[in-house]
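Q: Residue numbers (full-length UniProt numbering), protein chains in the order written: chain A, 1 to 618; chain B, 1 to 618.
These are calculated hints, taken from the structure and not from any lab test.
You may find that some hints are simply not true.
[What the hints assert, rightly or not] Distance ranges between label pairs, derived from CB positions:
#1 B:Asp393 x A:Asp393: 46 to 52 Å
#2 B:Lys334 x A:Ala524: 46 to 52 Å
#3 B:Thr396 x A:Asp393: 30 to 36 Å
#4 B:Ser339 x A:Ala14: 39 to 45 Å
#5 B:Arg67 x A:Tyr398: 47 to 53 Å
#6 B:Lys334 x A:Asp434: 48 to 54 Å
Cβ coordinates follow ideal geometry from the N, Cα and C atoms, glycine included.
2 protein chains.
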Amino acid sequence: MNRKEFRDLASPKAAREAIDSLSLEGGIDRVSLENARGRVLVARLDAELDVPGFDRASLDGYALRARDTFGADEADPAQLEVVGAVHAGEEPTIDVADGQAVEISTGAVMPSGADAMVPVERTDMDGDEVLIRTSVAPGDNVMFAGADVAAGERALGPGTTITPRDIGLLSALGVDEVPVRARPRVGIVSTGDELVRPGEDLDSRCGEIYDVNSYTIAAGVEDAGGEAVLYPHAGDDQAEMERVLREAASECDLVLSSGSTSASAVDVIYRIIEEQGELLLHGVSVKPGKPMLVGRLESSAYVGLPGYPVSAMMVFRTFVAPAIREAAGLPEPKAATVSGTMARAERYGEGRLRLMPVGLVQNGDGETLVYPVDKGSGATTSLAEADGVVTVDPETDYLEAGESVTVDLFSPDVRPPTLLGVGEDDPTVNRLLDRLENPRYLSVGSRPAVRRFREGVPDVAVVAGPLERDLEADELGRWSREWGLVVRAGNPHDLEGLAELVDRDVRFVNRTTDSGLRSSLEAAVDDLAADHGTDRSDLVDAIDGFDLGLRAHESPARKVIAGDADAALGLRETADRLDLGFVSLGEQPVRVLASPARADKESVRELAAALKEPPTEY
Amino acid sequence: MNRKEFRDLASPKAAREAIDSLSLEGGIDRVSLENARGRVLVARLDAELDVPGFDRASLDGYALRARDTFGADEADPAQLEVVGAVHAGEEPTIDVADGQAVEISTGAVMPSGADAMVPVERTDMDGDEVLIRTSVAPGDNVMFAGADVAAGERALGPGTTITPRDIGLLSALGVDEVPVRARPRVGIVSTGDELVRPGEDLDSRCGEIYDVNSYTIAAGVEDAGGEAVLYPHAGDDQAEMERVLREAASECDLVLSSGSTSASAVDVIYRIIEEQGELLLHGVSVKPGKPMLVGRLESSAYVGLPGYPVSAMMVFRTFVAPAIREAAGLPEPKAATVSGTMARAERYGEGRLRLMPVGLVQNGDGETLVYPVDKGSGATTSLAEADGVVTVDPETDYLEAGESVTVDLFSPDVRPPTLLGVGEDDPTVNRLLDRLENPRYLSVGSRPAVRRFREGVPDVAVVAGPLERDLEADELGRWSREWGLVVRAGNPHDLEGLAELVDRDVRFVNRTTDSGLRSSLEAAVDDLAADHGTDRSDLVDAIDGFDLGLRAHESPARKVIAGDADAALGLRETADRLDLGFVSLGEQPVRVLASPARADKESVRELAAALKEPPTEY
């Protein structure tokens, strides 16, 4: 397994240079005006005609010879013979001579002989004649041919990212198709027998997981201005993997694969690139993201991304997206950075460049606190809970709480959440959150929530079950939830309470000790032990499955559905929702607590207002 | 024509309220994961499964019982029997008992009996046994089922605009289709006999112009998150117009038309909305944009935009785009505003809210100067030369030079140009500009350029022909261009110079007096008059077409091609490019002048560097 230990890691700079040395550019597309928005013009576009193409009346009124209006005013109008009319879209058939006028519509062609026009508001009709109550100079109220754009003028420069306003210019020039940079075609190859495409059935027993990277990377490619092409999943079959890789390389400007976690896939890809292409770089001194390949295959560029979704996305964003954007001709995205202070100390000392996903929250003074988001390297979902990235130098091995850092937002559109809540996973909380604008809630459980709340990062904590008395917090609201044992429909084991879990051969599924539900269960076990005069630990040992707990409110119940357990710690609401049976063990309070320092935050006040309404309607 | 005089204009606020009272919302679309990026989730999405779905090895190594490693370290390893292997994507077939270990791959299912794993780096093989050189606790290097997301957890809230990171979360949950807000369907109806679709032939003689509004408004609709539907051009045929309007209303959430300049179209639309729908508002106190209709037709909302492209776009942007964005569920775009100071005074006193398109330029001190962009109400192209909008209160009738204003950029992506140049329209300048990053050049002609340059707005001026001596400027570069008469190929009139224009029956096309070419021509006429001992004005009167001039360098030559003239003032380069004949009248210098105060701007230095290379290669 030595192959996977990267002894000579390239520097991030070298990795960037390697990717820059690849050519990702597509060719030229010709797109219709309707599809031109956001595309990048390949070459300068000069006007091929005058706009307008004729001398044009700017208003409704009368076309005439300016010298005929000399001295005219309200009191002493000039009197001209009306010899005809011209409307927009008509060719004038009449010449205007001295003493004559022609009725003309906005946008119509000025008839020959006329050199100015007077708007209808400054005139009166008098039989076949018109009284002109103002004097005008030659050219007044006329837009001359080419006044807007003239033939030969430079209209749009090369590299212009076409906006709706540019489309206005193009259509005025009659251009219905423009040459734009082709979007770099980026093939995405997924490997690994354990990966299943979303929408298909998953067999967790044999370790199958849904393919995350293909879809996130594809979305990232499109975000960066590329065109993503998903190739059929190649599994771990070597011949098939090679076939798919080569097909992608022959059809795309860049091929991305994300390292399968199975060793054979890495082997095959490594071998194909090395033998049949060119391997430029293997392994980069960055975290996450160490296992990265850069090379060429056929006429395509190739980058191998790490297998873990968070790592793959961070490496893609840092090294690959800028290259795609460059090849697409798009400008660097506007710097979207936020300054903030570290909400807590962060230690790190591996000597690699660190790309640290972080979340943002405003404290009561409107300052931005920055906290690392890390659910472990295998986590697929951390980035959905993060707002941006703090880049930490290899030399920095410690960030202090309160230290200033700069956060690169994932995109300029990112809106950090208005409210940061932590706490119990609870269906009522879920509905409550739906009524708020852009909240973030980390369902870490009641006990960790109290710890984080004390550390001063979140705005609110939701705590179920018993509460530590010395917690300094405003209670914004509370409700009560019924908890107990979730069992199969009809309660086939005739469970009545905890006692049967001890006495009978019943497989139980618990929640983790982080949860408020577990706290209430533990208290009930203590009571049962006292009632029976037995030792608590004996009781617990007798419950099959007591020690292992699941993290969220529905997970245990789903084990019952799957037939892996007979009874699960859970809520009546969950049992009802999933059509399961329920044995009530009690009620517990759920409290929504706010940090007094955040009481004046708008989002906290909105939450308090939402809590005033009955919880059933959340 | 009284109908078109809006005596009771609604306030901008009332117009906003009228549009808000319309319902533009589409329904719900179900889109695949590949198409979900940027769409807006309709409802909360809870996790329907645990991620991962099984207890998962985080590294390559050995699954074992933690208690078997108690006390193990480098010097004194624990020795365990290796009883099998589990790879990613496989169902474990072996249980791990005391004293046993199973080889395991990253991502593989933990075999039953094992409660921890040790990475391969901390182990050594010894025959069929493995030496474990570290001690671990239960759960070490294992990611438990649901640790990432657990069934029942709130995954994404309603109203989430789906990012690539959210797509990661969705795919991890196996979701391959999500319910999103349908994009509001916006029908675009164009009317008016004079409008021709880009790509088709244009007959300028009868006042035809290309349809600009349909395409810019469509692009604006897409920008705001709507789906634009272009309906066939209805011309001025009343029955056809009504048919198209009703068809659009029955198929769309919103119908937009832009007022044809021909009175009949306005009549028809007004009548249809009033008789068969509901007219909420007619005429708004805003400039540009007064003639605006708001109403309903069939089950659709209807907004009638002004006919002039700049007006239509400003009204669309101010009143319609926010409503589309709201209906699409998209958040207000991030405020993209720039503060700057007015580059020159601007007077305005019509008592209407004014939406003033402006361009931006940085002066030598890095301050942003703001200048109004206005090529007249009929101009189609002004907005392509503008960066944003300054909104001026109805009460404000004068903005002083140097006054602070806030500019709303057209979009957060707008990058104001790095260089602002004004001056002669010249093909060498056009090529030169291609070599700069994001320049803006207004080809106003040499004489207006000098005036604007004195006012201190542009960075550089390009002046052709004689130069006023007292102009304080750095000359960044210059070249010479050959000018004269552009004639038909083969010079059928055998012209040799200006004299034949005077003596023969030759139709001539001039340039405007703004151009440097015209200045050199005027000087040549003076010389000819002196040579012949005749009066200059007699000479000029004898040249057919001398008094009227066209604005850009190629326009006169194109009149020769069109057969409207026999000789045109122009450049040898133009004649060569268009395969026309040329009679040289001389050479004139073209100078690129920079304001000394802007000498240190990076873009000015880049221009100076570009000018160092021979102009033929520009």
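Q: Kindly confirm whether 47 to 53 Å is satisfied by the beta carbon distance between Arg67 of chain B and Tyr398 of chain A.
A: The hinted range 47 to 53 Å is violated for Arg67 of chain B and Tyr398 of chain A, with Cβ atoms some 34 Å apart.
Q: For the range 39 to 45 Å, tell me whether the beta carbons of Ser339 of chain B and Ala14 of chain A fit it or not.
A: Distance hint for Ser339 of chain B, Ala14 of chain A holds at roughly 42 Å.
Q: Could you check the hint for me, namely that Lys334 of chain B and Ala524 of chain A are 46 to 52 Å apart, CB to CB?
A: holds (51 Å)
Q: I want to verify a distance hint. Is the separation of the beta carbons of Lys334 of chain B and Asp434 of chain A within 48 to 54 Å?
A: violated (24 Å)
Q: Given a hint of 30 to 36 Å, does the C-beta separation of Thr396 of chain B and Asp393 of chain A actually sit inside it?
A: violated (51 Å)
Q: Measuring from beta carbon to beta carbon, are Asp393 of chain B and Asp393 of chain A in 46 to 52 Å?
A: Holds, since Asp393 of chain B and Asp393 of chain A (Cβ atoms, about 50 Å apart) stay within the stated range.
Of the numbered hints given earlier, the model fails hints 3, 5, 6; all others are met.
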